[in-house]
Amino acid sequence: MADNRMTMIVGVLALCVLTTTRGTGPDRRQLSMHLIPNTSSVPHDGDLLHVRAVGNNDTLHFLFCSLGAPTLLLVHTDTPNSTVEVNWTDFVARNSSSSLKVEPESSVQYSGAVVFSRLIEYDDVNDTATPTSDVFPPYNLHDFIWAPLNLSDFTALLCGAAPTFTNGSLCLKLSAFESEGRGQSLPHLLHSVNSSQLDVWLDGVLPRAPQSRFLLELQAVGGAYPLSRVNVRQSIDDEFTPSIFKVSEWVSSSNGSSDVLGFLQWKPVAYRKPCPILEDATPVCHSGPHPQMAVGNSSTLILGFFSAPQTIGLNLSFGLAGEQFYNKTRYLMWTMLMGVGPPPVDSFSSLVIGIMAVGLGIPIVLLLVGGVAVCVHKRRKAAVVSYQPIN
Amino acid sequence: MVDSEERRSLLGDEDEGRQAPGGPERPRSACCDPSHVLHRVVVLVFMCFLGFGSYFCYDNPAALQSQMMQDMKLSTQTFMQLYAWYSWPNVVLCFFGGFLLDRVFGIRLGTIIFSSFVCVGQVIFALGGLANKFWLMEAGRFVFGIGGESLAVAQNTYAVNWFKGKELNLVFGLQLSMARLGSTVNMNIMGWVYNGVADAVGSHGPTTLGWSLMIAGVTCVFSLICALVLAFLDKRAERILQKEEGKTGEVIKITDVKDFPITLWLIFIICVGYYVAVFPFIGLGQLFFIEKFGFSPTQARAVNSIVYIISAPASPVLGFIVDKTGRNVVWVIIAVFATLIAHMMLAFTFWNPWIAMSLLGVSYSLLACALWPMVAYVVPEHQLGTAYGFMQSIQNLGLAIIAIAAGAILDSRGYLVLEVFFCACVCIALMAVVMLYFVDYLRGGDLNRSAADRAKLQKEVSSDAE
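Top to bottom, those sequences are chains A and B. The letter at position 367 of the first sequence is residue 367 when you use this note's numbering, and the numbering goes up by one with no holes. The letter at position 29 of the second sequence is residue 29 when you use this note's numbering, and the numbering goes up by one with no holes.
Derived from the structure by calculation, the hints contain no laboratory data. Built from N, CA and C at the ideal position, the CB exists for glycine as well. Accuracy of the hints is not assured; some may be wrong.
Straight-line alpha carbon distances no greater than 30 angstroms define the calculated DSS-like cross-link-like pairs of lysine-lysine that follow [as the list claims (entries may be wrong)]:
#	chain 1	residue 1	chain 2	residue 2
1	A	K378	A	K273
2	B	K164	B	K456
3	A	K328	B	K73
4	B	K164	B	K324
5	A	K328	A	K273
6	B	K247	B	K164
7	B	K456	A	K378
8	A	K173	A	K101
9	B	K235	B	K164
10	B	K253	A	K273
11	B	K73	A	K246
12	A	K378	B	K459
13	B	K243	B	K164
14	B	K324	A	K378
15	A	K328	A	K246
16	A	K173	A	K273
17	B	K459	B	K324
18	A	K381	A	K173
19	B	K243	A	K381
20	A	K328	B	K133
21	B	K243	B	K258
22	B	K459	A	K381
23	B	K133	A	K273
24	B	K235	B	K247
25	B	K243	B	K253
Part of the chain A face toward chain B, derived, beta carbon under 7 angstroms [claimed, not checked]:
#	residue
26	D238
27	V260
28	I355
29	V365
Take the sequences, apply the hints, and build the full model.
Encoded structure:
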């Protein structure tokens, strides 16, 4: 409720003054991307991508790994000179929890990771969208065969398929940003320089039942401050994601304060076609977060970086009762942002503010002008002396 | 559906009707005697249900929006074409409706013809669903539109003919209430009808949609039967009482348009700016309430229909108040401002939409009672027909265009921008009414007089004439 009122007050103020919330930090970052190891002579059946986003006085390291379950690790350091050191043989052998280190270690402010662990399919015979029974054996993403990472200007595309897929694939696309902006296609998420965007889509996979629906399981791993709770914010502004009025944020905060250290942000919508329009939207629900046993041996990156990881799981289910089944289009796409600091907040576009200002302003101006004209008119009439008849 | 009802109440009072009782004295039972009030009550019942079918079926798309969009695979913009095609024929037909009823067909045959158009249009609309052809549905709405508006004119003419000088205002009020009842019933039961048909057919799809629309078409058949019965009773009364066939009394001369004063053009702008922010909004309202406020489909349809539910009792009451107090321009300002508040509430807050929609219902009724009579104060009587015809015509033109625009805006930019767009339309109406107030005031105006002043003026004029 406080969120509602807050949003409303922000909206009203925005009519008078253009308010934008900016995180504290630089407006631009310098990005550099490289694969570890950077020679193809070393055999490996997965990739580790390091994206370094350098700001004025801090650095964000994004590490995206396809060895085992796909994992995105985010490390925030308070110096622009920090680097990532990897002992590749130890890393691949998974026998050390410090085979991947961020130097200098004392500069690390925040570290958190998200692991895409399982894709669960269930047969929704009664069209209720609750996966209680008729759940098929889940696809474990660490068993998938991943193609090599496809890199192109600050985006990385990872596609893979389970051994049991006849055709079709699950793809993840990581995009890093130099400056604030908005996603190219629906849901047009607003990203800050402190965040990266991850698109996940399922394309052409054969469902095991005509009425099956999917669930995606995410696991958030953190050291000191893991992602602990999901806030669902209501927003009156659906300009960029038509008909979606909510934003979900999975945040981690330190015990005392309400400052957000790291977040996962998404809109509760997924799309059923590659270049979606409004009609292709399908709702997304989340259940959780709930603590889980250690990620174990599913993600190499977690094993190599965290010594005592805390794991919290979240399930995202695609589709509600009455919505179309996956089999109709055999395509599902969902987008999320992962970053540090407070999550980005949408504000009104200048179009909306302009229209309201003009629309309300002109009648007020007319009232004033008309009021003045009426006063002048009355004054003029009073000036004319009226003669009284004598009898 | 547009408010020809409210404006006709003005014309009706000014018509000179003639009834010549007489003819051979023969004892007749009360309800078969055309001059007896009980017979007129019977006729009133048929007259009220004459319009029920067309008002019921007009808002079928709004009541079945999500089903229609899913079954026929429509974007919002194509969906709104169904409303646009209803309005297109009326851009032209508003000028000719009266002429056709008076000179070409006569009231009885004319009513039957227009009622058949309504019926046939709805059947074609339903066939489009059964055959899964959207162009056929659009054609059906076009045919439906040809009949719908002119049927309202015919209904009013019947009322004037039978109830002139007696209970005319009450009859107009009842007809309006029946019309709103039809819209309300449609909003609330079509969902169940669709689900019932889906259970019978076994799946959702264009076939289910087609059969639901066919069932809705039964109300149009019912209205057609009422038209036939009314024609019979009217012919019989004409024979027995030897009264004349009803006439609309409208004379349309297109050349009168150049004589319209600026105040009339401002009234046109208010009319267009206001109604395009109400009817297309109700057309798209159901999904808005489901998506933004998390209502269930049944709740969403109920809150969407509240505008009509309120306007049924509120219109006579507010009409009475406006009649007693005068000062039409001030009432219009209040109504437009209240609608602006309602739209801003829906756009910028998450407050319970029942509040905003109830406010919208009251202000919509208030505007209808205060705006349409103003035309009669601004143009001389012999131009009244042309003025009203023109007003209806551009209102339909505005509705057709804005319906499509609203769908396009929603598809590309979402509900907030759509609501801001509607607010902008209401702001245009607000600008026009503010200007109207000042123009009228500076010309020593007539529009904003209180009822007492008007009565005094009337007395002076008639005493001068003696």
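Could you tell me which of the hints above the structure violates, numbers in ascending order?
1, 10, 18, 19, 21, 27, 29
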